[in-house]
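With the hints as your guide, set chains B, C and D onto chain A.
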Amino acid sequence: MITLGLQEKNTLLTDVNKRSGANVLECYQCGKCVSTCPVSNFMDFPPREIMQMVKLGLKEQVYLANSTWFCLTCSACSGRCPREIEIPAVMEAIRHLALEENYTNKSAKVKAIRKFHDIFLDMIRRYGRSYELRLMVEHNIRTRDLFKDVMLAPTALLKGKIPLLVKPVKSAKAIRRMFKMAEKLEQKHK
Amino acid sequence: MEAAVNNQLVSIEKPEIVAPPDWEPVIIGILCNWCSYAGSDLTGTSRIQYPPNIRIIRVPCSSRVDPWFLIKSLQTTADGVLVSGCHPGDCHYISGNYYARRRFLVTKKLLNFVGFHENRVQFSWVSAAEGPKFAKVVAKVTEDIKKLGPLHLYKKENFEK
Amino acid sequence: MKKITYFPGCSAHGTSKEFDETVKMVMKSLDVQLEEIPDWNCCGATSAHTLSEPLSYALPLRNLVLAEKLDNTTMAIPCASCYQRMKVTKVHLDKNPDLSKDIGTTIVDEGTYQGKIAVKSMLQYCYEDIGLDAIKARVTKSLAGMKLACYYGCLLTRPKAITQFDSPEYPMSMDHIVEALGAKATEFDYKTECCGASFSISNTEVVIRLTGKILEMAKESGAHALVVACPLCQSNLDMRQPQIEKQTGEKYNLPVFYFTQLMALAFGMPEKELMFRKHIVPVEGALAQIGKIEPEPEKVKKPKKAVEAESEAE
Amino acid sequence: MARVGVFVCFCGANIADFVDVPAVVEEAKRIREVKFAIDYKYMCSDPGQQQIRDAIVQHRLTSIVVAACSPRMHEKTFRKALSDAGMNPYLLEVANIREHSSWVHQKDKKAATAKAADLVRMAVAKSIANEQLHEISVPVTKRALVIGGGIAGIQAALDIADARIPVVLVEKSPSIGGKMAQLDETFPTLDCSQCILTPKMVDVASHPYIELIPYAEVLELDGFVGNYKAKIKKKASYVNFKTCTGCGACWQKCPVKVPNEYNMGIDKRKAIYTPFPQAVPNKPVIDARYCTMLTKGKCGICSKVCEKGSIDYKMQDEIIEREIGAVVVATGYDLWDPKPYEEYGVGRFKDIITSLEFERMVSANGPTNGVPVRPSDGKVPKNVVFIKCIGSRDEAKGIEYCSKICCMYTTKHTILLHHKVHGSHSYVFYMDIRAAGKGYEEFVKKAQVDTGATYLRGRVSKIYKKGDKLMVRGEDAQIGQVVEVEADLVVLATAVVPNKDNPDLARLLGVSYDKYGYMSEAHPKLRPVETAKAGIFLAGCTQAPKDIPDTVAQASACAAKVCGIFAGDTMKKDPMISTVNKEFCSGCQNCVTVCPYGAIVTEEVPMGHGSKEMRTVAKINEGVCQGCGSCVAVCRSMAISLAGFTDPQIINEIVSI
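Protein sequences, first through last, are from chains A, B, C and D. Residue 190 is where the first sequence ends in the numbering used here, and the numbering goes up by one at each step. Residue 161 is where the second sequence ends in the numbering used here, and the numbering goes up by one at each step. Residue 314 is where the third sequence ends in the numbering used here, and the numbering goes up by one at each step. Residue 657 is where the fourth sequence ends in the numbering used here, and the numbering goes up by one at each step.
With the rest of the complex left out, here is chain A:
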């Protein structure tokens, strides 16, 4: 059972609205987003329920839900939302807020997704461009799933789908500066 307290203490709602630029209160629970979303059945809570939980201020549940990590930002939901709520922006705001407040979803799938993004950004930080072979190998190593997609690798390599080398960006300084700035801005939010 959930006990609902004073709504004025619902900082989750104000935080999410402020960060996303959307107004979650506009949601009238029609569920069009849920049946639109290609990954709603992989989510702990589909978008409609996330909206209601934000309204109720269930901070911990919202921050720990895998929903925000599964959102593909395909914008199908917001394009169909009768109240024109930018649902992907809401999802992203929740994800960023959760990251800043150190809430981590510990499920393997979310971990894998996070790992992927970490590796990807890491690669950009180093080379300024992405490098698919390394991405796949490193992801497999870090998620301890060494043989995943191993069947695909030979064909892909043979067909020249995945290059063995990457040409890094020349002005690495600029890239490094961006990462620093991003970190600084994120610190500010905290």
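Relax, there's no trap hidden among the hints.
What follows is a set of in silico ranges between Cβ atoms, one per label pair, in the way DEER data are often shown:
#1 D/Thr-454 to C/Ala-144: 45 to 53 angstroms
#2 C/Gly-285 to D/Asn-365: 50 to 58 angstroms
#3 C/Asp-98 to D/Ala-396: 26 to 34 angstroms
#4 C/Lys-69 to B/His-87: 48 to 56 angstroms
Don't read these hints as lab results, they were simulated from the structure. Ideal placement from N, C-alpha and C gives every residue a C-beta, glycine not left out.
Chains B, C and D in isolation, oriented as in the chain A frame:
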């Protein structure tokens, strides 16, 4: 060109007159019965707060407003005047607010010419449904007039003595 | 000769080399010169905006600034993801100029953002700037006989406020292009359903489910092949197809072409240069359909009480 | 010397909490002309009014100031109190110290009190200049104009005519009946729409007090309540209704087939046609857009087969005028076009139809003889999906409001489907079931329990084709899962939108309308059928979406209002109008130009007493003048004054602050 003409005349605005600290401007609001007066009533029923400086006079239509009223107000009791009518196209009397607008612009030019700051008299459209807007308009006018300082004091000093 | 700025994107050197190559071939034959942005960097893709909002604007901004230096009015981007990150950044910066102050500090060496270049996807550029007539005029080998399901994915037309191109629900631009090449576009209801894109590596299960459904619907529509305009869609639909077939037990056998490959083919360029060998799903079956024209079916007698859509004079 | 009485109201706590009422009274007593001032808890109550009445007599007061709520609220109440005490009611002034002071300056009691005292002083000053005024009576033309011949217009016309008041009923299309004539059965009683409507249509045609003008439009409305003049365009029907017997030979032989609007384009009608068999009047008209004789000058078959020689290809539009006293607007509604729902494939899939199309199909006199069929292949559907809120409650694609009737007609459709197609099943995607009305909730229960319709709570997100079925995908929020329904036919409950001609008509009538195009009532609760323009009333969906019972009730309410206006031979009118002082008038005629009502004319008067030389002066028609005061402000010689708002009154207010 206009500025040059203004300079030749004695300006009515005297910035050197300093308002006493507790000075509050008096503003006369002339509102049409059907839109703006109803709108100001709605501000009341919605309990939207605004500065208490305005004194409202009801007229049937903004086209009833004679330029004389504006001049008389500034001459005797008011530091500023707000005239408000229905939105263009929504006049209860079909076209009254258009006449009002045109007449107002001419009057304003005249007052300007004489030396009144253009913010002393203001015009707005407030419909019967725009309670919040009325409060905003009044707040803005009050602030504008406060910035301009007292007209009344000036008059007392210069005419009564 | 027209000149436009070209941003190939990281995948152009890897998974979507055939896209990059055929874009270059097609543009050359359409008298458009592509000027590649010097020393471009990755747009940050999904990962940047997943983890860091400032970064997701900073990375594309550098490319935008570099692109503007080239002094062309338009930039065309083949990769749908790069296109969207770039366009989102552009729209966002144009709306909030303050933002470029914060983020702009990181790219002092490159210059400042002016906001004067138009950002378009390669599909949009072909459809809007080159136009169907010019494409039709270049066709030397009609693709008649081929039935194609045009798949747009999510990033090319959505969100409408950002892309300002075609319908977000049932776009037709690519359909019109392949019809200009002589092929027939099938009625394909899954043309804008997401393929799972960025989960390709991290969450394969999701991708297989979503992609499987798309393949099923494409097959259902009677298509011989799929046409795409996005490297991620292509690799998901093509590379994962054998895996999906194994799981569902269905045989789809749907090669996945880039629309520029088909343009090049219809423009009469040698098949060898179109890199069909890079495809995982063999293309021969689909290509063999060219020239096999079915006889027009006899006009089906309309049912007596059916609605007749006749233009009403209004 | 004026003797003013001031009455300050507490309005319970409404005023007293934020304004120091006794202080206002004290302040009022300091005014020289104020001979009596008092406060009271509720001035508008009977004891409050009694105090006013008593004071008038005891203190020989010459004018009264009530400081209370807005004059828009209780001015009439207090005026009545004055006249009860034998005083002219127009010697009253109201100081609005509630809406303009206590309610809007709740944080500063001192300032609010000072302002209230100022407002009282202004009112006292104005009241001193008040004059005795008397209501004006104006003659009334006892004839009503009803615009629109749907159920609202029919009901209003019959009710007014039954009170023996002549009615002119103008209908745009060739027959009256409106949307209700297209319905099969009506919720929640399932009585046949035709059976209850057609007798009323016939009554209209045969009523001695109703002049029915079909195939016509109102072009102009001049004048004012009780004395309007309407210009009506009778569109050329190319058929002489006087001689036509309605035998039908013409439309049977006509070779031109066009989509039939009555059946939502599902079947065809001819270029010469009567909209439907029960049409009133049952006379055909030629649709000039399609008739080849009119467009190309070839054919002429109808003329040849007409035994009465009623066909007249040379007929022209005719403009007629009627003098009327009141207007009822009953223009009805249109249905929203669902094209923006691209995710549903509207326009691509033939088997997605609108509710009214479904209604026509299940109708006994419909194009498919009462059996719904799939437009794609003519097969009878088994699984039918109904989707509600198409366009309604959808800011992104349609309109914000709830269309009010869709929940109920969809319920009705599930029941009708169950009756007409054996073994069929209905799925209803809904967001809420809004069944507030007599017998409505019971009706929904009947659909859910007796016919077993499956209700799924959620908005449909996508429809796609699989084989010859339509797959309808939506969330069932009850179980929190996404469901897909295999449908043979999908029926969209499209939103109700105002008649597209409403804004144009509203402008020519001088009535306001909202952002959607619905005409605006004078007060949403207390004056729901009146418009802000006296003598013009609204019935049915002209004002907002509503169902048949509400429409009929509103139409009858309009009739009562119209009869009220016509109750006497003359009408009482507010005396707040302009008058000309002929002595001062210079005859410049500026006032004539600005008067929006054409109420000012000129007359010739002698130059001086007994002089034979004449001069031109302005003259105001007091029946037409509405009291806006435009003429007063433009009068250079100050010859015109507006009663109730004279220059001395307003100047007194200004200088007294």
